[in-house]
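There are 4 protein chains.
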Amino acid sequence: MDFAYSDKSKQMLASLKTFMADNVLPANRRFHEIAHTGAYPTEVIEPLKAKAFEAGLWNMFTPELEDDHPGTRLTNLEYAPLAEEMGRVPWSPEVFNCNAPDTGNMEILMQFGTPEQKEKYLDPLLRGELRSVVGLTEPDAASSDLTNLATTIKREGDEYVINGRKWFSTGAKHPNANLCIVFGVSDPSPEADRHRKHSFILVPMDTPGFEVVRDVPIMHHHAPEGHCEILMRDVRVPVDAMLGNEGDGFMLAQARLGPGRIHHCMRTIGQCELALELMCERALERSTFGKALADNANIQDWIAQSRIEIDAARLLMLQTAWRMDQEGARAARVDVSAIKVMAARLQTTVVDRAMQVFGAAGITPDTPLSYLWTWGRAMRFLDGPDEVHLKVIAREELKKTKGAMGANLAHFVPPAR
Amino acid sequence: MDFAYSDKSKQMLASLKTFMADNVLPANRRFHEIAHTGAYPTEVIEPLKAKAFEAGLWNMFTPELEDDHPGTRLTNLEYAPLAEEMGRVPWSPEVFNCNAPDTGNMEILMQFGTPEQKEKYLDPLLRGELRSVVGLTEPDAASSDLTNLATTIKREGDEYVINGRKWFSTGAKHPNANLCIVFGVSDPSPEADRHRKHSFILVPMDTPGFEVVRDVPIMHHHAPEGHCEILMRDVRVPVDAMLGNEGDGFMLAQARLGPGRIHHCMRTIGQCELALELMCERALERSTFGKALADNANIQDWIAQSRIEIDAARLLMLQTAWRMDQEGARAARVDVSAIKVMAARLQTTVVDRAMQVFGAAGITPDTPLSYLWTWGRAMRFLDGPDEVHLKVIAREELKKTKGAMGANLAHFVPPAR
Amino acid sequence: MDFAYSDKSKQMLASLKTFMADNVLPANRRFHEIAHTGAYPTEVIEPLKAKAFEAGLWNMFTPELEDDHPGTRLTNLEYAPLAEEMGRVPWSPEVFNCNAPDTGNMEILMQFGTPEQKEKYLDPLLRGELRSVVGLTEPDAASSDLTNLATTIKREGDEYVINGRKWFSTGAKHPNANLCIVFGVSDPSPEADRHRKHSFILVPMDTPGFEVVRDVPIMHHHAPEGHCEILMRDVRVPVDAMLGNEGDGFMLAQARLGPGRIHHCMRTIGQCELALELMCERALERSTFGKALADNANIQDWIAQSRIEIDAARLLMLQTAWRMDQEGARAARVDVSAIKVMAARLQTTVVDRAMQVFGAAGITPDTPLSYLWTWGRAMRFLDGPDEVHLKVIAREELKKTKGAMGANLAHFVPPAR
Amino acid sequence: MDFAYSDKSKQMLASLKTFMADNVLPANRRFHEIAHTGAYPTEVIEPLKAKAFEAGLWNMFTPELEDDHPGTRLTNLEYAPLAEEMGRVPWSPEVFNCNAPDTGNMEILMQFGTPEQKEKYLDPLLRGELRSVVGLTEPDAASSDLTNLATTIKREGDEYVINGRKWFSTGAKHPNANLCIVFGVSDPSPEADRHRKHSFILVPMDTPGFEVVRDVPIMHHHAPEGHCEILMRDVRVPVDAMLGNEGDGFMLAQARLGPGRIHHCMRTIGQCELALELMCERALERSTFGKALADNANIQDWIAQSRIEIDAARLLMLQTAWRMDQEGARAARVDVSAIKVMAARLQTTVVDRAMQVFGAAGITPDTPLSYLWTWGRAMRFLDGPDEVHLKVIAREELKKTKGAMGANLAHFVPPAR
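Chains R, Z, A and F, in that order, give the protein sequences.
Residue 62 in UniProt numbering sits at position 62 of the first sequence, with consecutive numbering throughout.
Residue 359 in UniProt numbering sits at position 359 of the second sequence, with consecutive numbering throughout.
Residue 187 in UniProt numbering sits at position 187 of the third sequence, with consecutive numbering throughout.
Residue 280 in UniProt numbering sits at position 280 of the fourth sequence, with consecutive numbering throughout.
Hint data in this document are derived by calculation from the structure and do not stem from the laboratory.
No experiment lies behind these values; they were computed from the predicted model shown.
Among the hints, erroneous ones may be present.
It does not matter which identical chain is used: a pair holds within one copy or between any two.
Stated by the list, open to error - Lysine to any residue pairs mimicking SDA-like chemistry, simulated, CA-CA at most 25 Å apart:
(1) Lys-291 with Ala-416
(2) Lys-291 with Gly-384
(3) Lys-8 with Arg-323
(4) Lys-291 with Arg-194
One chain only, chain R, in its complex shape (with noise of 0.2 Å):
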């Protein structure tokens, strides 16, 4: 239970923060507009990778790296706090090869690719030359069931056929996405058992029947990399694409999103800190009435609460990450639920605070606050709804409870009588 940042950790924190500073921050706005045009900010982004390569601050989100692959090998507990800085720029992570879900798509990829797959699609990944998304949630079916998921992957000779419809694709926008992992249906026997029914497949983007159907926005913000429909038709990719074996699927999807869920938590709490630091500022700088925001009874309040929740939250965050190190992401399932759960409704909660402080500013994009609060608001969808995470924590904690029935009860409550 020791969270202490180790000196490697702080060192690099030191070395990101200056790299913010210097290069990142400081083509905040440009990045934005070439966005704002609907283009990608290759211009921007290239040559901040680049230096970022240079200065070693490069794979910082998996130790797992192999030895001829380039990165900083920290632990998750090291990578927390580098995390939240990077979220605070929200488009920065990209910068560091961090970005979700390319760190996701990596770290499968090192645990259950073959050679062949390693060296076309992990190679390229972990130098930053390819981009990836992921094909999981379809429009058209409850999607936190997995098994209402319709996507089929059918073995025809020596290749899979696959048909389906997904969105929330992020990055298929990318100028250099050209790979899709996706999750579907290889044995729609009803007599199968239903957590060996699914597989995951790699797909290149330019397979023909691929087809990127159209961007959605989220909360109306079209991000540059795209969060988008894909609709494929009869897509034909040899057998030597499936991902670990047929029928993995559902043991890949829970080992996939463990570490991709804290990092977004990392940086939501790092963005959480950003607002709350916004909303300091701006309250002492702004006057109603004869007296700074900052003095009055009610925003001070929001101030130390804000402080408050985000500590603790910290701190689950902190014990999540260091169980993941100590005894793996599948021990830390449960924790990772709950630290899913606080950190959306906390960056919602947060967020709404400063705009609040900030007046109509607030709503604009002059301030980041409408983005940080719009996607705090899908935060609460990304890897699951909130209420599927609940479940999995009630579950858990009933079940210990079964374990010492009534321990309490006996003690504490009269008997029926």
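Once you have looked at the hints, place chains Z, A and F on chain R.
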């Protein structure tokens, strides 16, 4: 305290519902397609306006029309269900010439305009030929304290010269917009009565020096009519462009805001009803883990709480409308503040629940929820932030207490010893 | 939808306020001193009852009195402000013969009693000579599901034999209590219609085998009349003690609860008003760190929010009362559930704020707040827990949706592809 | 930042759990039966104290014991799980000589007492023979602002003369209580430094003029040890009864509150755990409408949210304890305020949910929940109301902002134009 809708109101509501179903809803998708390109959907709006005019569904927002003005002359109470209905399709009020800020602008022109001003501006507004905006809020000041505003209106000979920057001027991008009612300091002398320092002035938008700088999307949402930033540099208008007398600004601002605020609340309640209906339909339609969403007790709680809260808010809104009709907008000032706070908060609350039932679809433009949620957040600033209204209410309550100070303490709490 | 108080109601309210100020409030401290000793403050109550009877402030809770019964015959709407006023001093309703559960018991006796039952029980109840209790909830069952109840009413010859345990039988410690209306299973056969298995029966409390086991304080508060646990072992009553017919239990339970629930809500609203008034008085009276509590923006927010919420709840309550008057208690069943949930939650919310303004004094018996807060918590169980009422409301809402299924989805949401 | 419990702490926790199960829980009902009569359950407590002393479970609350003092010398972090465990049975801390306010009183005596004072008061306190109280809060002043306090400590020759009224003096009804540490104004001169005007003085409770006026139940709950009101009229003590120097009052008050506050938080968290466990047990045990309460999604949400919130609060508490151990109570001042606010609010939240699962039983004395809920409400005043602590936190946060004013605004928000 009779909040029953009159027969006239009920008949018009029936007509309006038919009109919405037959004409507005079928045009909804086309409207958004055009708006999405950045153009104004004139081809959708204008034919509907003509039809609505013919159907007698026109200028329903005010009873104060002169004899030769087209319109229905409904009380605020009678208007309430109609505004709710229009609220369900946020762009529809213009079809019926009932959209903000034109309605508020027409109201102060009716009350305070000279015959010449009425002929020039009010008549074409009432006919739906002219669109207008208002220049009140400023980006560089905490505008809820009007004394912070910096725009100047300076008399020079037979002209007023206007300098300043405004934003959230809704409608400034509308192709028919050509009137901006500008609020500014007309008497900057320190010894001036602080409630007599400001004026409203009528500014044609094609006056030299008047510039629409940019559209400011609200929560990333670009409205086709725009919520614009306006820059005025040495804008000159003749002295007869003054609305009321020099120094009437505060008084007019008060007069203008009452009905406008409650119209927003009425539409909000209609939008909450829509969100609740959508939530129920979706909850019945979708299943996870083998049962309909509607069978989950947490979702049932959300539905029931939404029903309770909407009904309570509607009653508070009706009571306010009724008081405005009976005693005038000034007498209902605190009531308006109360329903303004309640309705704006309700919208994010109810729509948030609906979104959660929709899953990720709730944050896409495929449902109206993402717009309604973010608009609900904006509502907490429109016509003044919550905190200003809460202060108004608290002050009134404390004033009542002072009138009977200690009345209850004396009976219920032992005296200090 | 006319919620204005009638002239009759207004005049009685004026009389009642005078009576409270002149007679009840001055006796408040004495009442509590006696109650604190564990005795019933008969010496306080009885003279006040005589005065109230003379003043015509008697049996105000129901319009359904027969010609020779004393009382005022007010509608529910007319009764609302009177119940609010009485709520301010929680023990005062008995002074006016308007206290629970006697009012509910009188109501079902009026509706369903035989002439003999009325003569024996109703008449002395209406005169205020007899006090009564109700035996509904049971300690060993989740009583919100009536089918869980275990008390049996078994016919043996000319008698019914009753066995079972009840609790929360309010009033059983009252010196004048001598009637318990007991709910139990009269037809235990598995094939019996589940809505015809239960009955209500009239049990004199001095019947052998009827035992008041203990008083159960609600949140540590010992009411002088008691909320008691009752044990019935082979309690025998003649067959004419059956209320209505055997098997009418469910129907009578429904009939009984409507008015009783809304009376609680009315009193709750009066108690919230008192809490708000006390909060304002204290906020003006006390200072910390050099300024009055009332000058702090957070406390102003609490005051304003309380004002808004109380006003909205009152309107929902008035609408429910109006509907009960116009369409009957059955038609208003869902409305009653709604206001029941809203009012109970309001009480803990508003009183919590008032306590915080009072500081530690708020949790002592020196103010009424500690009682009002804990009573508000109890209100969330009285006449059914929130969750049962929310379920009723949700079910109704979903039923409406089913009638027009997909109406909105069709217009607002793209179809599945 | 290592929050792992030490081996010593873990071993003691195991011993304590065994002790609780074997000795304390079996005595719980007897304790309450005696307490209910108004007497102090000495016959329960004293034998348990002797056993606990023998078992080495004694004076666990502080590491600062001198060599010849009995006790375990645990750090705050080591003490945390033990205090949680004791919190589950609110009267149990006395068994281990770890109860408020004796612990706080022992702490300041250890730090500031003269050898004579230690011999007279500290030694018997550490042996558990003497009980003590503290006279801080006053009924007639808003005591969160210490400058409002009115009790006077006036030097006359070789004596101090004390006059004033205190309340919430916990423990004053305890049969062994005979020391009150009184806070008062020792230098009333207007020119005195406001942080040097007050002193703490040691007053034997049998001194003439010292009167325990009454026990003040907290939320109707009469604790057997009492939360008492004390009146001091010309109470005379020798000059060597002064604790520290005249004028040290503020400094001592600060020193005294830190550990005391966090002990409350630790116990609170233990109580929340108990409430959650009871909630789960009951939810599994009871059924309505054909399914276990635990199968309802709303109840599952309550369970999961409670789990998340308790875990987050515990981490914040552990971090605070750790900081106190590492950097001292003064350095952790803001941390203490943060956990104080969070823990107190958590208790009403979590226990509220548990009560709702228990139904009406939750508000009876048959479960510990009614006590825990009302005590949670009291916790929001103990050691200062939420608002005072929130102000402390906000001030600190704004101070940090001032140090880097505008740092973020400059990067993220366009400058005023």
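When Cα atoms must be at most 25 Å apart, do Lys-8 and Arg-323 count as within-copy, between-copy, both, or neither?
both (19 Å within a copy, 23 Å between copies)
When Cα atoms must be at most 25 Å apart, do Lys-291 and Ala-416 count as within-copy, between-copy, both, or neither?
between (61 Å within a copy, 19 Å between copies)
Alpha-carbon proximity between Lys-291 and Gly-384, which holds within one copy, between copies, both or neither at 25 Å
Close across copies (18 Å), not inside one copy (44 Å); limit 25 Å.
At most 25 Å between CA atoms: does that hold for Lys-291 and Arg-194 within a copy, between copies, both, or neither?
between (63 Å within a copy, 17 Å between copies)
The structure shown violates none of the earlier numbered hints.
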